[in-house]
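Asks: Using the sequences provided together with the hints, build the complete structure.
Top line first, the protein sequences correspond to chains A and B.
By my numbering, the letter at position 153 of the first sequence is numbered 153, and the numbering carries on one by one without gaps.
By my numbering, the letter at position 217 of the second sequence is numbered 217, and the numbering carries on one by one without gaps.
Honestly, the hints are just simulated from the structure, not real lab data.
As the structure is a prediction and not an experimental result, all values here were calculated from the model.
A few of these clues could be false.
[Stated by the list, open to error] For each label pair, taking beta carbons as the anchor points, the in silico distance ranges come out as: (1) 129/B x 134/A: 29 to 37 Å; (2) 126/A x 135/B: 35 to 43 Å; (3) 111/A x 135/B: 40 to 48 Å; (4) 253/B x 134/A: 33 to 41 Å; (5) 103/A x 67/B: 53 to 61 Å; (6) 82/A x 31/B: 34 to 42 Å; (7) 129/B x 37/A: 45 to 53 Å; (8) 100/B x 216/A: 34 to 42 Å; (9) 42/B x 103/A: 53 to 61 Å; (10) 19/A x 100/B: 26 to 34 Å; (11) 243/B x 126/A: 39 to 47 Å; (12) 111/A x 128/B: 30 to 38 Å.
Beta carbons are placed, not taken as given, at the ideal position from N, Cα and C, and that holds for glycine.
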Amino acid sequence: MIEVEHLTKKYGEARGINDVTFSVEKGEILGFLGPNGAGKTTTMRILTCFMPATSGTARVAGYDVFEDSLNVRRRIGYLPETVPLYTDMQVPTYLKFVAGLKDVPYREINSRVGELMERVGLTHMAHKFIGELSKGYRQRVGLAQSLINDPEVLVLDEPTIGLDPKQIIEIRSLIKGLAGERTIILSSHILPEVSAICKRIIIIDEGRVKAIDTPENLTTQLRVSDKVRARIGGPKEDVVKALWAMEGVKNVETGAGAEDSLPYVVEFSDGTIDRSSQVARAIVEKRWDLYELMPVKMSLEDIFIKIVTEEGN
Amino acid sequence: MKNFIFILVKEIRSYFNSPVAFVVATIFAVLTGYQFYVIFAKFSQLSFEVQTNPTIASQFGALNVTEMVIRPFFNVVAVVMLIMLPMLTMRAFAEEWKAGTMELLLTFPVRDEEAIMGKFAGCMGIFTMMLLLSLPSVALVGYFGDPEWEVVVTGYMGLFLMGGAFVSLGIFMSSITENQVIAAALSFAALLLLYMVGYTAGLVGETTGKVLEYLSIMFHFEKFAKGVLDTSDIIYYLIFMALFLFLSMRSLESKRWRG
Ligand SMILES: Nc1ncnc2c1ncn2[C@@H]1O[C@H](COP(=O)(O)OP(=O)(O)OP(=O)(O)O)[C@@H](O)[C@H]1O
Ligand SMILES: [Mg+2]
Numbered sequence: 001m002i003e004v005e006h007l008t009k010k011y012g013e014a015r016g017i018n019d020v021t022f023s024v025e026k027g028e029i030l031g032f033l034g035p036n037g038a039g040k041t042t043t044m045r046i047l048t049c050f051m052p053a054t055s056g057t058a059r060v061a062g063y064d065v066f067e068d069s070l071n072v073r074r075r076i077g078y079l080p081e082t083v084p085l086y087t088d089m090q091v092p093t094y095l096k097f098v099a100g101l102k103d104v105p106y107r108e109i110n111s112r113v114g115e116l117m118e119r120v121g122l123t124h125m126a127h128k129f130i131g132e133l134s135k136g137y138r139q140r141v142g143l144a145q146s147l148i149n150d151p152e153v154l155v156l157d158e159p160t161i162g163l164d165p166k167q168i169i170e171i172r173s174l175i176k177g178l179a180g181e182r183t184i185i186l187s188s189h190i191l192p193e194v195s196a197i198c199k200r201i202i203i204i205d206e207g208r209v210k211a212i213d214t215p216e217n218l219t220t221q222l223r224v225s226d227k228v229r230a231r232i233g234g235p236k237e238d239v240v241k242a243l244w245a246m247e248g249v250k251n252v253e254t255g256a257g258a259e260d261s262l263p264y265v266v267e268f269s270d271g272t273i274d275r276s277s278q279v280a281r282a283i284v285e286k287r288w289d290l291y292e293l294m295p296v297k298m299s300l301e302d303i304f305i306k307i308v309t310e311e312g313n
Numbered sequence: 001m002k003n004f005i006f007i008l009v010k011e012i013r014s015y016f017n018s019p020v021a022f023v024v025a026t027i028f029a030v031l032t033g034y035q036f037y038v039i040f041a042k043f044s045q046l047s048f049e050v051q052t053n054p055t056i057a058s059q060f061g062a063l064n065v066t067e068m069v070i071r072p073f074f075n076v077v078a079v080v081m082l083i084m085l086p087m088l089t090m091r092a093f094a095e096e097w098k099a100g101t102m103e104l105l106l107t108f109p110v111r112d113e114e115a116i117m118g119k120f121a122g123c124m125g126i127f128t129m130m131l132l133l134s135l136p137s138v139a140l141v142g143y144f145g146d147p148e149w150e151v152v153v154t155g156y157m158g159l160f161l162m163g164g165a166f167v168s169l170g171i172f173m174s175s176i177t178e179n180q181v182i183a184a185a186l187s188f189a190a191l192l193l194l195y196m197v198g199y200t201a202g203l204v205g206e207t208t209g210k211v212l213e214y215l216s217i218m219f220h221f222e223k224f225a226k227g228v229l230d231t232s233d234i235i236y237y238l239i240f241m242a243l244f245l246f247l248s249m250r251s252l253e254s255k256r257w258r259g
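Replies: What follows is the structure, given as structure tokens:
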């Protein structure tokens, strides 16, 4: 449904995004994850035809965003990060205006607007001007506007930012409920959020794609962490020496605990394979007691931080 | 066409939802109304003197209400337009750039030209309403005197065309900046310059003078105010509008590229 190839955007000298490539299948929810300034908004603005890329191509529903921008725009619903709305318009007036521009047949506009206001919980705000609404309700108007012509593709830039926890949950379940036929791209800084909603995650940092995978794969792949925790019964100095002697060890830490079963954390320089067996073998060879052995689990947050900081240093 | 109408309606609505249309139209009506009063009062005084004093009558001959009231009044309206229209057009795009609503508008399936023409037509709508506010003054002249109605008609046509030129320039200035004050200041400066080049025409050589005169935005209005319809004047205003609307399109395009 969405194919992005070698997309690059430069703002003058400044870097926006650099050689971004990914694709999204029909009906998929894709999460865009990255720290501030990573290039999430930039990518979305190119996809929604707000601005052209410096180089590379992007296709939505088979149409090129630059060559065939009107056809792309007809099929996309977009919720920009800042939720820019006309504050001097009343909610239904605004939604009718958008419906008109987005080719909703004239006769269906009224019913469509009413239906959507109900769906996003705006019905009791119908008489208000958008400028009078709270952030959460503006977000709902923004969401309603993006859904007005029932688009095939939805692009949501940080849809839950600035909302209270209750509204976050509401909006999240709303977005989840939209999935199915629709293809959705949404961005966020918050990993649990994307992993709760999305089938696949792209981690982007400093304008480059760092990883693309399902939340489960990202976790298992990376949970084979570079650290192994072990509780070992044996003379402390010898144990530390033996651990250091293993291949690829970067660091050994000794924790506090009972003298005869001290916990150790061994950190390897390469975290792509499970090192537990290696540690077990080293201990058993010395005929020490092994009480506990496990790879240190990384939370999704750790993974995120690891991926974004890895290439920096 | 459909998008054009939706944008046009939205523009007109937002002029009325904010005090802009009201304030600009009121100032316009007060300034032109006051000037009309001055011109008309002078004229009545003069015609009274002519009736009672034969020496003055021989000096002036028959008083012409068209020449002495209608034409000066149109010139006043033109100057007030030059001052007030930049304040009407300044918000057209600048406000949307600033508020970020351009981002959504440009991602709707709307062509740039539809957005520009919608906004242009919206401003023209408000401007036309302003112009209608000057009709009572002219009606008053018609009630007391006997003006040449074809001059009134061509005069209004000229005002409308010149207003279109002012508005198109103002829309362009509003499209290049997100600061409404800058948009208004630039439009006002540009219009004033185009107004003044006509006066400098006499000071320079003949050919340059002709060129400057042709460029002058007021020079082309003069014949309208005399009841003469000259295609070259009409074409001047139409080209002026086309040029600035085209420039607005290019400006949107370049703003997109810069992101
Ligand atoms: N209009 C612009 N002019 C110049 N540079 C820009 C512009 N917009 C974005 N950038 C730069 O491009 C880079 C990517 O910005 P972008 O807004 O895409 O990040 P983001 O991932 O959306 O960040 P955030 O999480 O803060 O929203 C940043 O370094 C930013 O400074
Ligand atoms: Mg962003």
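Asks: Can you name, in rising order, the numbers of the hints this structure does not satisfy?
Replies: none
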